[in-house]
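Chemist: In the order they appear, the protein sequences are chains A and B. Position one of the first sequence corresponds to residue 1 (our numbering), numbered consecutively onward. Position one of the second sequence corresponds to residue 1 (our numbering), numbered consecutively onward.
The calculated label-pair distances, taken between Cβ atoms and stated as ranges, are: (1) A:Ala61 <-> B:Val105: 29 to 39 Å; (2) B:Arg311 <-> A:Asp184: 37 to 47 Å; (3) A:Glu245 <-> B:Val105: 48 to 58 Å.
Note that these hints are calculated values from the structure, not bench results. Just so it is clear, the structure is predicted and the values come from calculations on it, not from any experiment. Think of the CB as a built atom: it goes at the ideal place given N, C-alpha and C, for glycine as much as any other residue.
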Amino acid sequence: MTEPTPMVEARNVRKEYGRVEALRGIDLTVAPGEVCCLIGPSGSGKSTLLRCINHLEKIDAGRLSVDGALVGYREQGDKLHELRDREICSKRAEIGMVFQRFNLFPHMTALANVTLAPVVVKGEAKAAVEARGRALLDRVGLADKVDAYPNQLSGGQQQRVAIARALAMQPKLMLFDEPTSALDPELVGDVLDVMRALANDGMTMVVVTHEMGFARQVGDTLAFMDAGVIVERGAPGDVLSHPQEERTKAFLAKVL
Amino acid sequence: MARPSGTPEDTPDQAPHGPPGSGLRAVPVRHPGRWVVTAVIAVLAAMFVHSITISGLVRNGKLQPRFQWRVIGQYMLSRPVLDGLVITIELTVIAMVIGIVLGVVLATMRLSPNPLVSGASWLYIWFFRGTPVLVQLLFWYDVAYLYPTVTLGIPFGPAFLHLNANTAVTPFLAAIFGLGLNEAAYMAEIVRAGILSVDEGQTDAAKALGMTRLGTMRRIVLPQAMRVIIPPMGNETISMLKTSSLASVITVLELLQAVRNIYSRTYQTVPLLMVASFWYLALTTVLTVGQYYLERHFAQGALRQLPPTPRQRMRQWAQRAHAARGEPPEGSVRRPTASP
Chain A
1 MTEPTPMVEA RNVRKEYGRV EALRGIDLTV APGEVCCLIG PSGSGKSTLL RCINHLEKID
61 AGRLSVDGAL VGYREQGDKL HELRDREICS KRAEIGMVFQ RFNLFPHMTA LANVTLAPVV
121 VKGEAKAAVE ARGRALLDRV GLADKVDAYP NQLSGGQQQR VAIARALAMQ PKLMLFDEPT
181 SALDPELVGD VLDVMRALAN DGMTMVVVTH EMGFARQVGD TLAFMDAGVI VERGAPGDVL
241 SHPQEERTKA FLAKVL
Chain B
1 MARPSGTPED TPDQAPHGPP GSGLRAVPVR HPGRWVVTAV IAVLAAMFVH SITISGLVRN
61 GKLQPRFQWR VIGQYMLSRP VLDGLVITIE LTVIAMVIGI VLGVVLATMR LSPNPLVSGA
121 SWLYIWFFRG TPVLVQLLFW YDVAYLYPTV TLGIPFGPAF LHLNANTAVT PFLAAIFGLG
181 LNEAAYMAEI VRAGILSVDE GQTDAAKALG MTRLGTMRRI VLPQAMRVII PPMGNETISM
241 LKTSSLASVI TVLELLQAVR NIYSRTYQTV PLLMVASFWY LALTTVLTVG QYYLERHFAQ
301 GALRQLPPTP RQRMRQWAQR AHAARGEPPE GSVRRPTASP
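Here chain A stands alone, though its shape is the one from the complex (with noise of 0.2 Å):
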């Protein structure tokens, strides 16, 4: 039996901003269907990672690859080639995301949010996209929101909108960036339950979170970064419990 595709595959990746290296030689492998969440220290280059992987950041160095096709090039020969605006796109289109601060287009309506990118994007129906907008809405449990504009939301309600705009695209990756760091305690709950249930449904998801209990439940694998590498990678249970770093023992023990 040959092993399948995997989801995600980082080798040797690097990117700098500037003089400071954000990521410093990432190997990552996600299977499909697996949960891998990303934990460290603000800076370590989790969310630039993330950002990596759907090429809203160019990789300075090394392979990223997203289902066996590389993320932003096209190899040829020795070289790579920067793939064209609208071939990025697609490949885009194909990994949903889900950010910090939820950036719902505030200029329209939460049905609109979820709808659009893929009436422009991929061309669907507007009919059906809109059909399945509310059963996606009415899944994250906000059926009677469909109306509502972002700011009349509350942040929980706004980060599942968000989840239910990346969900409409019908993605085969989903990325989390830190989705519960902006919102109060008590919301939380609910955004962990609809990315609960996504996992359970088999999505391949990668998280950035600080949500330990989330990792550790959820999580079919948990990668602790620090300063631009993965300095550790195991189960979830086994890395927070029986950290072997003294990196990853130093931060776990500020956060546990």
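Given the structure of chain A, go ahead and fit chain B onto it with the hints provided.
Modeler: For chain B alone, coordinates are given in the frame of chain A:
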């Protein structure tokens, strides 16, 4: 004066010495200065009203009303004035359309990562903002001095069409170029400010959904930028309405030139300038109202509750008046502020 005594919770501002519930009255601070100012304004207003209505003036040995309202009324709707008004509106609308379209293009160019593209935009803005619009109008009027013929064709190659600039560039066209190209420079900066005001996260989210750069600009960034763009854009439009009077210098028969033509014959200079002023004021008022509704439209999603339109405000007021009289309000089914 005794005030009905309330529960202690009702009157928290009471003087600390009075026992709770004793009904001590809170006296607001007096503002005697306001009464003085009010009186002064009232006197000035009365003087002004008197001067524009009853008061008379001896001109050419005859007692006449100071403001010649008859003359003003006679010319307000006269043919040449209305024709001039139409030209003024045409100049304003066309120049603003050119200004806005070119302004959006220049603003996007200015934000381009390509230094040549953004540099070209910078140069344009630098030049057109840096020279007086009156000079630019005169320049376009005399453009035939530099370019006697306008040629359409392949640069340095064969030509398809020759035009005599002297006849092709009419005074009206020169005014359109002068006003529109100048306006574009200002609009570019306004649009750029609007685009920069939109949170970067919006672009991130649109990109992550697979939207192209152009689609993101059109559907996500510009609609949100409009909220920042519209107030100064309304300003610019009102300003353009009045700046278009400069076109009179290059013989365009707009509103100001129309009244100048009349008073150069009749010597009724001041009444006719007032005719023009009244029309400018009327158009400005229309634009102000339009701007209010446009701002309201683009506030969608940015405000939790849109401010009521004057009609909705009237209805609320009527409902409150009804309620005060104890009658059931006629529109009681409607919510207090109807959503758009």
